[in-house]
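With the hints as a guide, bring the two chains together.
Same order as they appear, the protein sequences are chains Z and S. Counting with my numbering, you get residues 379 to 939 for the letters of the first sequence. Counting with my numbering, you get residues 139 to 605 for the letters of the second sequence.
These aren't lab readings, by the way, just hints derived from the structure by calculation. Incorrect hints may appear among the rest.
[Stated by the list, open to error] If we take Cβ atoms under 10 Å as the criterion, some of the chain S residues that face chain Z in the derived model are:
| no. | residue |
| --- | --- |
| 1 | ASN411 |
| 2 | THR419 |
| 3 | HIS445 |
| 4 | PRO586 |
Keep in mind that this is a model prediction, so the values were computed, not measured. Every residue gets a Cβ at the ideal spot worked out from N, C-alpha and C, and that includes glycine.
In case you want the letters, here they are:
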Amino acid sequence: MASLSATIQDVFNEPGCARNTHKSANEKKKGCTKQLQPGGAAGGCAFDGAKIALQPFTDVAHLVHGPIACEGNSWDNRGAASSGPAIWRTSFTTDLNETDVVFGGEKRLFKACKEIVEKYDPAAIFVYQTCVPAMIGDDINAVCKAASEKFGKPVIPVNAPGFVGPKNLGNKLAGEALLDHVIGTMEPEYTTPYDVNIIGEFNLSGELWQVKPLFDELGLRILSCISGDGRYQEAASAHRARAAMMVCSKAMINVARKMEDRYGIPYFEGSFYGVQDTSDSLRELARLLIERGAPAELRDRVEKVIAREEARAWAAISAYRPRFKGKKVLLITGGVKSWSVVAALQEAGLELVGTSVKKSTREDKERIKELMGQDAHMIKDMTPREMYKMLKEAKADIMLSGGRSQFIALKATMPWLDINQERHHAYMGYVGMVKLVQEIDKTLFNPVWQEVRRPAPWARAGDTWQDKALAQFEAEAAELAADPVKAEEARRARPVCLCKGVSLGSVEDAILDFGLTTVDGVKEKTDASGGCGACAIRIEEILEAGAFVGQPTQARNIAAE
Amino acid sequence: MAKVVVAKKSCAVNPLKMSQPIGAALAFMGLRGAMPLLHGSQGCTSFGLVLFVRHFKEAIPLQTTAMSEVATVLGGYENVEQAVLNIIKRAKPEIIGIASTGVTETKGDDVIGYIELIRKNHPELKNFPLVYVSTPDFKDAFQDGWEKAVTRLVEELVEPPANAARRDMSRVNVLPGSHLTPGDIEELRAIIEDFGLEPTFLPDLGGSLDGHIPDDFTPTTIGGVGVDEVATMGDAGWTIAIGAQMRAAAEAMRKKTGVPFRLFERLCGLAPNDELIAFLTGISGRPAPMKYRRQRGQLVDAMLDGHFHIGGRRLAIGAEPDLLHDVGSFLHEMGAHIEAAVTTTQSPSLERIPAEEVLIGDLEDLERLARDKGCDLLVTHSHGRQAAERLKIPFHRLGIPMFDRLGAGHKLSIGYRGTRDLVFQVANLLIEDHEEHHRVTPETWRNPWDDATAPVDGAAIATALAH
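Extracted from the complex, chain S is given alone in its bound form (with noise of 0.2 Å):
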């Protein structure tokens, strides 16, 4: 449906994309006693840290490899080895995952041989996971990180079944894509349980980066899913994978274990999660529980009751490519006109966006398209903030980084449920700009014609024959 069109622009102004080591980052933060190691300088880290910090208000594990100017230009074998030796030591994690970064792909580092070489002159690594993924800065944007981390994920760490005939059909791996907060993950381990199934996510920022006290300091990640379970995920009988961008890795699993899997591109709306639970009711064989009948109905009545505010909003929207799709689609389908809409990568997923086109760009275009086209919503990461203030339009918050509000980890837009709680909010948005900025004066209809001439001055007239 939607035209796919890039910016010609030599300056992006007001980025909406992040960088694809920190979406790498982040997937490897979805696992138990990971500790992510960018190989670039040290300033790579610290924005990735910073935003992380900021957007989940948690302690946020994050290495570097500290490349200098000289051992840039050497080639970054020792800083890598040295990075590995000491992360080892200190925090004692049970996985290190790699993401190179523009400086060292632009040197052509070469990470995989270095991991090669530090096994060898280390021999108590034989066996330590190490997993590498390459992250240019200078390509796509924080969701191919993500999906590419993943992807290597599985392939590294994934074991091919012992017996393939013999799967457990209780167990459910799940692949879910960046655009899924802990909240979300939390919210679809609910649901897959209910149906007696026993899922395992891959990562599982639900365990991680839910919010929760530790026991103890640890530097590394806390919760999350362990190596250990990632191993065994060939034994299980499904693979569901969410959004588009878990393609690669969800085919990735099949090649490796031969367990097929099944996408689901969206799972904020009706539809689609009336398909994730036929498609959960089919494998477990169990019938749908009450309790998802009951919020099926809670969605359809919330919908009918936020159409009415929802209905006819002209939408400026700027996220990922799933995630704009995901809630793009949905607020489509409450009847917004999706008027601008700008996203950061490529993606099959962005063909199916109700607009008419859709730009890979930055924040100056939404709120120049939001501008142009009279967009009356805007919804987008807390970037947009400066943009909702001068078009002076009412601003839903989606996506990372939320670093001016609570709860980011928490933001829950799956499931019934969530889509549910999803219309309450926007809704609600939308009645209170009203009540602020847009209630009815005497002057609301003064001149309500486009082609409206001045309206002749009667009252002159009247006062003038009155006398």
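Bound-form chain Z, shown alone (with noise of 0.2 Å):
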């Protein structure tokens, strides 16, 4: 068996990944994980993602090996739904104490999986390892070898403790402890040429109902999902599918990619997030199921799902025209999710005034553009202020994004709207768009937002917060106006590269110090891009602009000696 450390180089390796391919040999060793700052992190550990990527097996027992902050602090605190067992919710943790830290927690775990199968008889055990029992050398391995022997049931070893690095880690090691020890242990009871693997997606809010029926319409069967609402014997028998869907997240890239190694499913990368996505991306496995020898009749069966379903999400949306005329949205998420909205935004007859591109790769950004047009306004990191400012100029009349950045739409009392991960409802296929639009109206209308903007009885004109900040910014604006020299320093601290904290003058300054054409030659000299790689492409960029003003600081420093 692998070592962890190994395994994680493994994880590393992945040639699925687009990003991952362009990185140079000692780049891959150091991984896609950010360089977690201390001080700047907020993310979760490679435990939380590991936790997050298996607990929607609903019919396993999560067993946490730790003590109890992993577990007692975090338990049940996700969206995922069942449509049956409930066992997955139910909190399991070994609680070590300072005796197990010092003599060992190995038999407290062992005695752990017996009382639950003892008691609650789920259809498998896993068990996942934490930062201190990983320092202490607990293996869990080996104990969950020895209790699946023992108590005749699986009881799967998840070993991706915290430390090891952050969530998107934590997820590709769950996906490792899938491969290693579930998938391909058991048989389907039956096959058909139809089945399908959905890889990827976590059922939060349900929404993988939204898709489902369609699936059930057309007859493909959902062999597996891993692991929104899944099972232990459908992930376990998931090798006999004949095509897989990996959905947008890479979350799970290596899943996907190594069951088409040792199995030869093929599988794409796909979402059902928004109307032309989730037709493209049944297409797509009608595509490679008929490839793999479905009857060919099932592409026309899928396109006329996909023109009746279409018709009617399209109709139900640009209903909505009428109150939404004038109405202007800001869209700040991530990634494919910017461009796969803008279109049902766009029919619902609102106007966006911004999208954010933080995360997205080069082709979402040219697909945004060929949404919204070459005038596309694309921000690509924006302060809470300048978010705030740009709501409060009415240049928007709502605010779509993840939860992280409610607190600022909502203390700058303004509508908002969570479109991520951590959203209450579900907007997957079509119906999830016409829901999301829907919600959008919602808000958008609420008589709520004139009631909390009103000042209060004590204040005085232009004494709030929010006008105290509009001020400032303005008046920091007004002072970078003025002052050229100040205004150029603003722009050269913007910050290109977040992970190894270097900002676009340093980038500018070794492009012309050194006549840089390549991602490759900037990193070498600034380090920029040598984190996590997301700011590749905005050095690209820089590099392809070229034209930014200045001339090389040593020739400026000698000019100025």
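Shown next as structure tokens:
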């Protein structure tokens, strides 16, 4: 069995990841993990990621081996939905104490498995390793193996202690656990030419059920969904699927690719987020199935369903046009979600005043341009104050974003709707987009906004924090406008690479000083994009633009002397 | 805004409305040492008594002139006289408030004449406070009875100021409507006192029906505003009236004493309380205490958090006009749509309710409208529980009677703080309902379109093709 560090290396070698293939051997070693910055990290750990990825398996007991913090502080906080078993929501932890830390927690873990089997008899037990038992050397693989044999029940070790990296690494390590111990260990009762796997879909708010009826109608069988509303037995027999869809986030790309390698199951990366995307995904699934021998008539049936559903969805969405006339939206979300939502918003008659492209790839940006026109206001990085200013100046009537920026909008008393992961509403498939538009309508026209914007009885004009923030913002802008040197400084101080803390100025200087033409070159000289690599696209743009004013610093220094 | 429609039914089903006399009786209960007396048959009193006991879970002082058939025909003077004498002998009240009922109004008893006669025949009662209000059951509703009783109390008990030029500007009269609970009254008292002002509430249910355990057995009210205090209300600097129903009483006060008044139609919500705080700042000359600045912030935050749940709800609400106007408008400001609004009686506040139509009707009307309009939140008094069950929608209890839950007297929905708590109550109710009844299932989106034609049975096709 591979050691944890070997597994992590293996995960980073992921050839299915476009970003990864561009990396040098040395960088691959460092992995796709953002170097976590002490004092600046807010995301979850690898354990968190592993648990998120696997907990939606509903008939599995999820046992967290660690002190109380790991499970006690975080349990039952995810909105995945189950159509049957509830054991996945029951919280199990070994709650390690001091004695365990001194003498080792393996025995306690074994006994915990025994108690779970006796009291709850789940389909399987997933044991999650955490930092403390990893540090004291508890061998959960060995314990799980022993427990499996003793109790005649799959006990699966999930080796992703928090300190090995961030959440996305944890997702992948969870996938490795499935590949090593679960997938291919059982056989399905029967197979059909229409068996598919859906990988990386967690059924949050039950969103999978917005598209599953279409699968049912088309006769496509979801042999295994990893892991939303999943069952152990389904995952264990997932190797018999004919094709797989990897849902947009790259969270579990290793599972999809390795299943292709090992079992010859072709996969594609798709999304059910957005009308067009849903249609594309259904088409692609049909294509892969037909390639693998399903009757070609499937294509026609898929096209019929797509035509019907699209017509219904667009009709329902365009009904909002009169209500949304003149309303403007600011869309702050990463990656594919931006453009897949843009189309629906436009169909509803909403005007997009801007969309963030922070996590988007080059292709994403192209598609946004295609949809919104050349003038697309694409926001790279927006500080909370900038977002606020944009909303305030009536450039936008509503902000759509992830949960993290909600308080900017809400405290600024601006309509806001959550469209990312933590949302309470399901927005998948055709019906999901209509639902989204409905929710926008509800939020936009809620009179609560006028209420909460009224000044307090003791407020003097210009005295609210919002007014102050705006005044400060304007003062700064005026100062910069009046002082070109300062303005240039401010421009140059804008961060390019957050991981390594490299400013735009340093990148430009390096390009000029060393005549750089490639991202790799910039990285070599400035370290920019040497972390998560997400800013490589930004650097490419800087290189392409090339027209920034200024001379090489050395030349300037000489001139100054 | 709203069009007021009167139901054209002959048969009221599941009434929302309660009668005038007990509205008047409740107003009398806000005085110290009071014994409300209904001039009618004893059933009139006993039903009211049971209703209040079930609502407040307190001993309720309420007496009857016990009109018999014969007495009703011959006239009730003797019954009123005997009742007054008996009450004074047994209960030693400080005031007796007399309200007429349907029976005695139909007969046409001249109770004002009776009282004059009683005073003549019993000189020791010459100055004893006997306040009469005419409240036939067959007209108007609970809220109107309260309104008339308070107006009569002002007319009868308040004395014109000795020197109108020397008002005590730190004193404030408060005339609360019947929709304020004892808890609301206490909150309002605290807010006014925090501005260094000294409020006198008429009536003061906060003192009498707040659920305290009395030191001794007294058949009359314990706590409440004293007759002597009411007499001096003419010396106050201002009168604050709460609810459109209190305009008459406030005007009576001004007419008799010259005290100016300010009417607050609503005290639930952000803007209404901003107005109250601004007014109190103005008349007291003191800045708003820090406490209210914090509370306001908490309310704004609660509204932002709560709008996700309350926004878009289709509300069916049944309540007396002022309560309907106050809470209904606030829920509208939180994003709920008032699809069905039913009330008990006419009021100038009705047309200001943000709904297309307000129906003067009953709970059957409310239930029907709620069903027809697909409402998913019901707000009314406890008698709405059967409708809520049938409609299978979440139910928030509001108003009198609230007999199937504890703490009716302490429900708070005014002030920044009370409004904040109301947001949480309603939002939590909706969250709970969602968890219990609307969990998503694989079937939730099976046929999501209104025009849904039967989906093709693809599974059958696929299975057939597979073999």
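- Hint check: is the beta carbon of S/THR419 less than 10 Å from a beta carbon of chain Z? With a minimum Cβ separation of about 7 Å from chain Z (threshold 10 Å), the hint on S/THR419 holds.
- Given S/PRO586 as an interface hint, is the shortest Cβ-Cβ distance to chain Z below 10 Å? 4 Å, holds
- Task: With chain Z as the partner, please determine if S/HIS445 meets the hint condition of a C-beta pair closer than 10 Å.
- Result: For S/HIS445, the interface hint holds, since the closest Cβ of chain Z sits about 4 Å away, which is under 10 Å.
- Should the hint that S/ASN411 touches chain Z count as held when the rule is a Cβ pair under 10 Å? At 9 Å from the nearest chain Z Cβ, S/ASN411 passes the 10 Å test, so the hint holds.
Consistency with the previously given hints is maintained throughout, with no hint failing.
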